[in-house]
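Asks: Given the structure of chain D, go ahead and fit chain P onto it with the hints provided.
Chains D and P are the protein sequences, given in the same order. Last residue of the first sequence? That's 920 in numbering that gives the first Met the number 0, and every number before it is there in order. Last residue of the second sequence? That's 63 in numbering that gives the first Met the number 0, and every number before it is there in order.
To be clear, the hints were calculated from the coordinates, so they are not data collected in a lab. Where a beta carbon is used, it is the ideal one built from N, C-alpha and C, also for glycine. Careful, some of the hints might be misleading.
Here are some of the chain P residues that sit facing chain D, going by a computed Cβ distance under 10 Å [stated by the list, open to error]:
no., residue
1, V13
2, L26
3, G36
4, M53
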Amino acid sequence: MRSGLVVLLLAFGYLALLFVIAAWGDRRAEQGRSLIGSPTVYALSIAVYCTAWTFYGSVGRAAQFGPSFLLIYLGPTLAMLMAPFVIRKMVRIANAQRLTSIADFISARYGKSSSLGALVTLIALIGITPYIALQLKAITVSHAVLVNYPQAAELHLADERFWTDGSFWVALVLAVFIILFGTRHLDASERHEGMVAAIAFESLVKLMAFLSVGIFTVFVLFNGPADLFSRVSEMPELTRLLSLEAVPGGALGWVGMLVLAFLAFLTLPRQFQVLVVENVDERHLRRASWLFPLYLLVINLLVIPIALAGLLLGDGAGDPDSFVLTLPLSAGLAGLPLLVFIGGLSAATGMMIVETIALSTMVSNQLVMPLLLRSRRLHLSTRGEFAGWLLGIRRVAILLILLLGYLYHALIGETYSLVTIGLVSFAAASQFAPALLIGMYWRGANRRGAALGMSVGFLLWAWTLLIPGFAQSGWLDPGFLEHGPWGLEWLRPYAMFGLEGWDIYTHSLLWSLGANVGLLVGVSLFTRPSPLEQTQAALFTEALRPGLMQASLWQGQTTRGELRALLGRYLGDAATARVFAQHPGAATDDSQPAPAALTVRAEQALAGSLGSASARVLTDSVVRGEPPDLASILSILDTTSETLEVNRRLEQKSTELARTSEELRAANDRLRELDRLKDEFVAMVSHELRTPLTSIRAFAEILRDNQDLPDEKRRHFLDVVVRESQRLSRLIEEILDLARLESGRLTLEPKRLDLVTLVHHSVDAVQRLQENRGVTLEVVIGPETAPVIGDADRLEQVIINLLDNAGKFAADDAPRVLLRLDRHKDHYRLAVEDNGPGISPDERERVFEKFHQIAHQESGETRGRPRGSGLGLPISRGIVAHLGGRLWVEGAARLGGACLVMELPQAPAEAPGTGEEIAET
Amino acid sequence: MNAPHQRERLVALVVLGALLFSPPLLLIADAAPAAHGWLVIYVFLAWGTVIGLMAWLMERREED
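The shape of chain D in the complex, shown without the other chains (with noise of 0.2 Å):
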């Protein structure tokens, strides 16, 4: 099951599955039904930072550091806290510029810098070609495990021919599948699909891998997590691996590895190649800036379990950076070693993949692109000719980087544990930061200060990491490292002017970074920045906000012609024609001048192919005039910012009009209202007027025209005219109390009274007319006093309209009416019940109108009680309002009809000396 073979051709399997995926996401690309357009794929791809360092180099800086490994994952967990401010704002800027690599993102924000570019880029070469060898070193490793355990995997690579050596050949079919995948389309700024899906993809299988040794270390091996605890705390030097004591330079060494992890997440090449160049939607952003950091916290969480484990056992699990291959091994497992080495290879595979994409387009855009455009003799006057040499140039790179890569690895990587390499290639990753961080967000920040910051920072890095591990590897005499070069104390690697005590790292990162940053600043601080420079770091600096980056700045002329010969030379036709399908206008006559919009975009095509440098360069080759200094962007930036603060106020402005508007438009609505009310009102109190005076005004007449007619008869006419009088003079009462009410004029004399006293007043007041009327009405009264405070005449008026109201309306048979007084919390309610045909939920508020009259009483004077006014009720509301209770409508609980119920406030306890005030009323 182990044979050499069987795991030769799972290996070459799984690289052909990758062909496959990729294969598949490029077809889908070109379908247009992206595989990698969601968020998900994109967190994926992003943990491309998983490499065979965390696969199988955590467990190893596990059993060595205790928690320190953890580091790793914590920066970039912070980094990702804060992608919606940083990581958005360099996809912004990637996009809008075109920008493919890190290199070509620093050198665009220094002035579009090649001399910026090309620094950029040899740091990274050298700082990460080691990273490279140590992938291909976990392959050899991990493959030696498994085909020699339990035999200890004697490793002698110098002895080996290389052609035996399959490290070699992954190496080879991993830049076939790159050259395949990663060179496609001429533009780096557009998305490799097939390589993400795959890269996706290979982030599942490590996680699983992972995961399977995990749970089969701690469950298997172990009867679960608190077995395994038991067991270490007997040990008291396994539990010395959890504390802080474990971990080398302690607390200020966790802050460093912090810091370190932190930054390097930002700066190494494959990281902003995933997370810049190879997003498709900024929006994606959101989910991966949790789901990344969850996915990192999942990988991690059984890695110390494994090291525990590993440990206890003791000399059958071998050299801790194995212990994932070893605990299954020695088991006796044949399934899941073989799963783990498949893990193993994702992620060494996905590392080498991306990393050496972004180096090889760095490597072609920033330092050969530079130099063959620098060299006269270069002509190349056939069209297209120069993108077909420009993919050749990245092809040779790539092959060249993992050649150097495998070379490193043969040649030194024996000495190195994996770990050291991995940290001392972050070290190296997070010079990039200061020029990257503070150029974006600080405008001073200029060319010299970020390139002599970066040099010197980097030069301290290899005085402090570098050459002291060649110096462990024994390619150095070590005494330096003891005594200082030279004799000199106070240069020692470890040691800096004296330093001493802090870890390796922390102590590199403080006096390199430190360097760096204060070269920037300062450097910065005492020089001028050219033009060009400073409006590319006014683009950065601004970057989020809307509208600038559409802005054109170009100022110079140049015609159509030109350009498109120029695009035609260097990217070839086709994509010149998609560059000028864009902005057809007179497409056709190419002396034409060409458009600032069309140059803008002609030069952002060529930097997506050759770097923005070598864009600016050949741009500048065709077009005449200035281009855009700083005192234009920068009106262009104070005019986009008053722009915007006028527009704000402008917006502000027009909600308060919009608003004021609104107010005035309902008051209108409410002025058109009271005036169709008063219309109304005028034309009901006049017919309401009409129609007793009529009837006045005919009998009178009739009996002044008539002058002998039968005595009974004048009498019964004279009473018709009295009666008549009378309503008329009532309802004018009425009308006016009304005009009081709504006017606010109505004088009220509120005093303290009993309502019970109040009530019995008015029943007597009505009982003989409602006896007159047959109507039989019972009055129950619960509480023995009810003081209220408010008008005695009016609320006799009130309660009598109340009681004439429910006789007028309570059944003709028997009619009855029941009135009853309670206390409710601290009111009192007086209910009107009628058996009547009662009022149906949707009248009993207009009944509170003036002049509603009920429909049925159109009938006329029904047993001959008077036609109500229609204005009764709504003065008893206005009435009871005005002394801070309410009146309202509902079912008769007892006799079926209509119940009126008023309701007023208790009056507050009485204050000595008022007492005499009750006794009156």
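Replies: Only chain P this time, still in chain D's reference frame:
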């Protein structure tokens, strides 16, 4: 990003994460006498909390 205070909340979360992962709190967790391995448990708990908060902040609104 349009939600009121979303920006401030994110900044606060970054500060919280930095504090949780840094020495003063870390030393307290390390010194906890209860059992061995408190430090590791503390780091994982803090880590999970920060991720959970970030997920909550980011996914509350489907559309920005």
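Asks: Could you work out which earlier hints the structure fails to respect and list their numbers in ascending sequence?
Replies: none
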